[in-house]
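Sequences listed follow chains A and Y, in order. Residue 67 is where the first sequence starts when you use our numbering, and the numbers rise one by one after that. Residue 67 is where the second sequence starts when you use our numbering, and the numbers rise one by one after that.
Don't read these hints as lab results, they were simulated from the structure. Any given hint could be a false lead.
Same chains, same label: a pair holds when it works inside one copy or across any pair of copies.
To be verified - Derived lysine to aspartate or glutamate pairs resembling EDC-like cross-links, with alpha carbons at most 16 Å apart:
no., residue 1, residue 2
1, LYS171, GLU264
2, LYS232, GLU143
3, LYS185, ASP153
4, LYS72, GLU264
5, LYS132, GLU177
6, LYS72, GLU266
7, LYS232, ASP221
8, LYS171, ASP142
9, LYS171, ASP135
There are 2 protein chains.
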Amino acid sequence: MVQGAKSVQELLDSDFQVTLLVATRAFLNSATLSGNAEIITVTNNVLADLSEYQSNDAALAVARTKPNDAFAVEPDEFALVLDEIRDPGNLGTIIRTADWYGIRKIIASPETADLYNPKVISATMGSFIRTRLYYTELEGYLAGVQSPVLGAYLDGSNVHQHNFGKGGLLLIGNESRGISAALEKYVTQKITIPRYGEAESLNAAIATGIICDNIRRNG
Amino acid sequence: MVQGAKSVQELLDSDFQVTLLVATRAFLNSATLSGNAEIITVTNNVLADLSEYQSNDAALAVARTKPNDAFAVEPDEFALVLDEIRDPGNLGTIIRTADWYGIRKIIASPETADLYNPKVISATMGSFIRTRLYYTELEGYLAGVQSPVLGAYLDGSNVHQHNFGKGGLLLIGNESRGISAALEKYVTQKITIPRYGEAESLNAAIATGIICDNIRRNG
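For reference, chain A alone in the conformation it holds in the complex (with noise of 0.2 Å):
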């Protein structure tokens, strides 16, 4: 399910298969529909008291979810690795962040929220629609890449200097534990967000948006 006007257009315009679509009509009317959607016109106040999580006052939609379909990251592109990132709002503000740096394919564990989740769909803030994800277990998925993999630790090459190369992925880890024991074999290049403060860690979400500057400053 997905909110408001601007994202409920993106994904009309989108390969997703809008099943419902509760709008009003001042939306109808602007709006560009294709398909074959059921759809209800309703007023301002039904579609403020459907929503949830945000103001919305001009549409709602429901798409079907697509299949968890894998995909080839290229050698000359960054993809996102999550390695169980449980937080909803985290999930989503990281699939937000990827895509403001034209970053487009997710890899996530199994216990990493579920996407359709509506609190991830919404802190994506419309991202999802340009992202793809794909849950597999991230030990098998590793061992069989030949990209360099990033991961953030206490002991790597300063992100400021580090050279991210031309692509790779970039392995984040739980918001409590960090990166598994089990996938450390797998990182090549350690990596580490300088500190000029005192907080033990950053959270998940913040550390990878400082990341994606970087690669993309760097690049």
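Knowing the structure of chain A, use the given hints to seat chain Y on it.
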């Protein structure tokens, strides 16, 4: 209310006045106690039942809130100014991130989430102990400061090249509408985080982290 061994010990070591400490015998044996808090010894299971938002098997403490006191920002230091950060998770994450980057002073509009909201405290991961937060009307506050005021806009100076100087106030806008129109005239340096993909914007806490990383990197 603070939960978890590390944060509770940091609270006990701080100038916060702890009034109640609920802890396991193991925690009490290893902790450094001071002041005259009421102490209740409990089992792990009782603590787990008491705890919200995070797992906790060591301790929980209740402390008095601090008065909303103003402070000076020196010319050679950076501080954050929060223009209506409403989401408690965002506020807590911003405080944690500021602490990572050695930023100890935060000024917030009255509409910003309450520092003592349990979700805020939890998301700071203890960093609220090391930072000072002062709630005040931002128009009056910014009208009276001499420091540079940095604000993120779409048409500002690229943060990858911007010379941030030795100090200033980083103004962070509301999650939905960005920086208030009424505050724009106080912004002396408009800055921009370069975009490489298609997301329309970044989450407010993510943007804060990326700008702080660039401030420290260029400083």
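A quick look at each hint next to the structure:
| no. | hint | verdict |
| --- | --- | --- |
| 1 | LYS171 <-> GLU264 | between (33 Å within a copy, 14 Å between copies) |
| 2 | LYS232 <-> GLU143 | within (6 Å within a copy, 36 Å between copies) |
| 3 | LYS185 <-> ASP153 | both (9 Å within a copy, 13 Å between copies) |
| 4 | LYS72 <-> GLU264 | between (40 Å within a copy, 13 Å between copies) |
| 5 | LYS132 <-> GLU177 | neither (18 Å within a copy, 39 Å between copies) |
| 6 | LYS72 <-> GLU266 | between (38 Å within a copy, 10 Å between copies) |
| 7 | LYS232 <-> ASP221 | neither (23 Å within a copy, 28 Å between copies) |
| 8 | LYS171 <-> ASP142 | within (13 Å within a copy, 42 Å between copies) |
| 9 | LYS171 <-> ASP135 | within (12 Å within a copy, 47 Å between copies) |
Checked against the numbered hints above, the structure violates hints 5 and 7; every other hint is satisfied.
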